[in-house]
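Below are the chains, spelled out letter by letter.
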Amino acid sequence: MKNKGRIDYFLLFIALTLVAVGLISLLTAGVPPGYRYHNDPYLYVKAQLNWVALGLILLFLSSYLNYHRYTKIGKLALVLVFLLLIAVYFPRIGREIRGVRRWIILGSVQIQASELAKVGLIVYLSSSLVRKKEKLESFFRGYLPYFFILGAIFLLVMSEPDLGSALILAILSFVLLYAGGVKVSHLLYTLVLAFIPMYFAVFEVGYRRNRILSFLSPESDPRGIGFQPLHLKISLGCGGFWGMGPGKGQTKLFYLPTPHTDSIFAVVGEELGFIGTTVIVILFGMLAWRGLRIVKRAPDPLGKLLAIGFCSLICIQGIINMGVATVILPTTGTPLPFISYGGSSMLVSLISIGVLLNISRYSRATP
Amino acid sequence: MTTKVGKRIRIGLPFFIIFLSLGIIEIRLYHLQILEHKKFVALARKEQVKIIKISSERGSILDRNGQELTVNVPSYSLYVRPRSISDEGRTARELSSHLNLDESRLLRQLRSDRIFLWIKRKLPLAKKEEIDSLHFDGIGWIKESDRFYPQGNLCSHLLGFVGVDNQGLAGVEYYYDEELKGEGGQFLLKADALGNEIPLTKRVLKPLIPGHNLMLTVDSIIQSIVEQELGLALKKHQAESVEALFMDPQTGEILALANKPDYNPGSYNEYSARFRRNGVIQDLYEPGSTFKVVTVSALLDNSLMTIEDKIYCQGSLRVANHVFEDWHAFNREMNLAEIIQHSSDIGMIRASQKLSREKLFSHITLLGFGGKMGIDLPSEGRGIVRSPSRWSLTDQPCISIGHGIAVTPLQMVCALCSLINGGRLFRPYVTKCILSHQGEVIKEIKPRLIRRTVSVETSEKIRYFMQGVVEGGTGERAKLNRYFVGGKTGTAQIPSLNGKGYLPDKYIASFMGFAPVGSPRIAGIVVVKRPTGAYYASEVAAPLFGRIMKRVLPYMNVPPDKGDLLVMKETSSS
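Quick note, the sequences are listed as chains A and B, same order.
Each step along the first sequence adds one to the number in the numbering used here, with nothing skipped, and position 63 is 106.
Each step along the second sequence adds one to the number in the numbering used here, with nothing skipped, and position 40 is 943.
To be clear, the hints were calculated from the coordinates, so they are not data collected in a lab.
Just so you know, these numbers come straight off a predicted model, no measurement behind them.
Be aware that one or more of the hints could be misleading.
[Stated by the list, open to error] Heads up, simulated SDA-like pairs for lysine to any residue below, C-alpha to C-alpha not over 25 angstroms straight-line:
hint : chain 1 : residue 1 : chain 2 : residue 2
1    : B       : Lys1093   : A       : Lys339
2    : B       : Lys941    : A       : Val370
3    : B       : Lys942    : A       : Trp285
4    : B       : Lys1453   : B       : Leu1137
5    : A       : Lys339    : B       : Lys1346
6    : A       : Lys89     : A       : Gly150
7    : B       : Lys1213   : B       : His1266
8    : B       : Lys941    : A       : Leu97
9    : B       : Lys1346   : B       : Leu1137
10   : B       : Lys941    : A       : Gly150
11   : A       : Lys339    : A       : Arg407
12   : A       : Lys175    : B       : Arg913
Pulled out of the complex, with its shape left as it was, chain A reads as follows (with noise of 0.2 angstroms):
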C-alpha cells in the first residue's frame, strides 16, 4: 500500500479534454450574455480560465495528498459542511441574489456552499461508513444517525433554496450508503418518507410547478413557461448531424436564458451538432468508465468509496445537466461538469479528478 504506482493518465486526459471543450464552447455560448450584460463578449472565457488554472493547481495538491488522510478529518468535514450551508444565511459572508441564498464570499470570490457541500459529504460518508463497518446492518446505530445528518442537510440546502444542489446531494447520499452497505430496505423506507416533503417543495412552489407543468408539455404554452424547454429542444434539433458551424448558433441569442451555464449542453448540440454532443456524452462515459477501474482496482473500502462518491459527483450532474438539455428531466439548475461556466463548479470538478487520481496511485492489479 505505500508503492506508489503511477496514477491514471488516461483519467487526466479525459479530465483535460472536457475542460478545453468547455473553454472553446464558452468561446460562443459565452458571447451574447457577456456582451449584453457585461459588454465584454468574452469576460466568461477569461474568467473561467482564472477558474481552470486554480483548479488545476488544486487537483495536483489533491493528487498528491495520500486519500487515507481524509479519514482523520471525517467529521471535521461534517462540520464544516454545516457550518458552510448554515453562513449563507449570515448577512456579512453569505449573500443573497434575487432572493436566493446560496453563495459564501472567501475575500473577492464567491463560492456557492452546496458545492464544497458535495466534497464534504462524500469525504465525510466515505470514512464514516469504511469506520462502522458491521454496525451498518442496524437500523438504530447504524442507519438512523446517517438518516438525521443528511435529512439536515438537504433542508438547509432546500431552503436556500437550491432543489437542484439538495437533490444531487440526496443521490449522492443514496449512493455512497447503498455502495457502503446499508440495507437496501431502509434505502427504500427513506425513499417512500421522502416523497412526502419532496411532493409538497415541488408542487406547492409555483415555478417549481410550473417547470414540470412545462416539461410535461412545452407545446401547451410556447411563449411563457413551455419557453425554455421548448427551446432547448429546437437548439439541439436545429444543429442536425454536423451542427450550424461554430458561433452559427442562434438560441444562444437570449432564446436560451443562461446559454454561457446551464443550457450549454443545447448549444454546443446547435453548432456543432450530434457530432458535437456525442463526444461530450461519450467523454462522460469514458470518464465514468476510467471511475469505475479505478474503483474496482483501489486497495481498500476507503478508496473504493470516495472513488465512488467523486466519479458519481461528476456523473450525476453531468447526467442530470444533459438529461435537463434534451428534456428528458424538468428544468433544474445544474451546471455541466468542467463546460458550464462557474468557478464552484470547475473547482470542485478538478479537485474530484484530483482525489480519482490519487487513489489511482494505489491500484492493485485487478483481482
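Given chain A, put chain B in place with the hints provided.
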C-alpha cells in the same frame, strides 16, 4: 456478507445506472438532432426570421417657388401588451393623466385579453420622454412619421389632409396619394429573442421607394395675400363664406385658391365639414350678372350684334308672365359695352333675344359650363345647365343674366380666361410637376388646351368691355392707379332649397376680373356669400378684388400699363 471488507462495497448498480443514463441521453440526442432535425429547423425559422415592413416617407408638397408646404416629423405611437402589465391601476391612472385619456376606459383596455393595443398614436418626442421617465412595464413605442403643415391654415383646401396612417383624405394629398405615398419596403431578417436584428442576416424582399414630391402651380405669396384679404372681407361683411380663385389665363395654372373660413390640415378633425369644404370647385351658385359676359360673347362671336348696335333699355320688361326690372331705370339707348358697363338686365335680355335657344346653350357648353373642367383636385362640381328643349319662356332671359343656371367659381374663371386670352379654353391645374425624392423632375404637367372657344376679335372686345366696367361702371371700386383692370360684377339671389323662387334678402356678391387688360397675366374671381349689410357686388366684391390686385400685380413684376395703346385705339375707333 463476507468477512473481507473489500468485498462489501457494492459498485455494480451505481455504475450501471450511470451508463444506462448516458445511453438514454445519446438515444434522445439521436432522436432530436437527426430524426426531428427538419421539424426544429422549421420551428426556429418561424420564430427567428422576421419580415419587417417599413413604411415609406411621404413626399413633400412644394409651392411653385419650392417653398415646402408639408413636412414629415417623427412621432411616436404608444402601444401596450395588456397581459404583460404588472400594475394596471397605476399604469391607467398615470397614463390617463399624462395623455388626457379617460381613466376607466383605459383601465378596461389594459385589463383586456388583447395581445397588442394602441393607446395613443403620434405623440411628440417630448411626450415620449415624459412617459418613459415613469418606467411602466408592458408598454412600447413605434416610430412613425407625422404630417405637419408648417404654414398652418395656408392652402388648406388645396393641400387637403392625411389620416392617421398617412393616407391622403382630401385635396392634393388625396388626388396625388399614389405619387406621394411611395411604396413601403419589406425586409427579411433574423432576430434574437429580444427582437434585435442579427447582423448580416438582412435581405431585401421589396425595396423601399420613397414618395414623390409635388410642385404646385400655386404661389404661396399670392395665396397668402388672397387669404389675408378674404379673411378681412369675411369679418367685415360678416358673410357666410368668401371664396376666391386666381389663374394664369395663358396656361390654366392656378395661382391661388382659397375659401374662408378655413381649417388647419394638421388638426383637420377638430373642424366641421363646413370648414373643410372646397367651395371654389365644389359649390354651385347662380352667377348673376357676371354671366352677362358669356351672353355678350355669344352675340359677338355669332356676329349677331356689333359694338355700335344700340338697344333701348326701358324701366321694365314683361316676358310671358314675368316682369323684369333693372336695378336702376335707364330709359335710354345703350350699346353692348354700356350694357355690360352698367349691368343692365333689360338691355341684356333684349339683346339676347337675337340668339336662338340652341345657340345660347351651345355657347354656354362650349365655354365649359355643365361639365367638369378636369382640375386635379377631388370632387369637382359639374354645375347645372338644362337642355334648351326643357326651357320655359322665361328661362332664356333668366339665363342670359345668369339665373336659372348653376356654376362653380372654377367654371366661371375658366370661361373668363378663354374669353380674354383669345379664345383658348385651358384645363385648370394645380400641380406643375412631379419630382423624385432627390428633386429630379419625373413628370412635368404642361398646359392642356381643351378647345378653342371664341375668336381673337371677340376676345379683344370682351377685354375692352370689361375694362369699361372698372373704368366707370359698376366695378369702379376695383380700379387701380397704375394698372388697367377688367372685370364684371354680379349680385345674385340665392334659390331657395324647395325649388320655388329665391330667398329674400340673401345674396351672393361676386366679381370676376383680370389684369392687366392689354395682356392679362392673372384672372380670377372673388365670391362673397350672404354678406350682411351692404350686398351689392359693386360695394362688396369689387373693392376686395381691387385690393388683391393692387398687392399681387407688383409682386408678379407686372409692368404698370395705365395709358395702354390698345384701349386708346379701340375707344377712338368707336
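Query raised in the report: Checking against the hints above, which ones are violated?
Result: Result: hints 1, 5, 8, 9 and 10 break, sorted rising.
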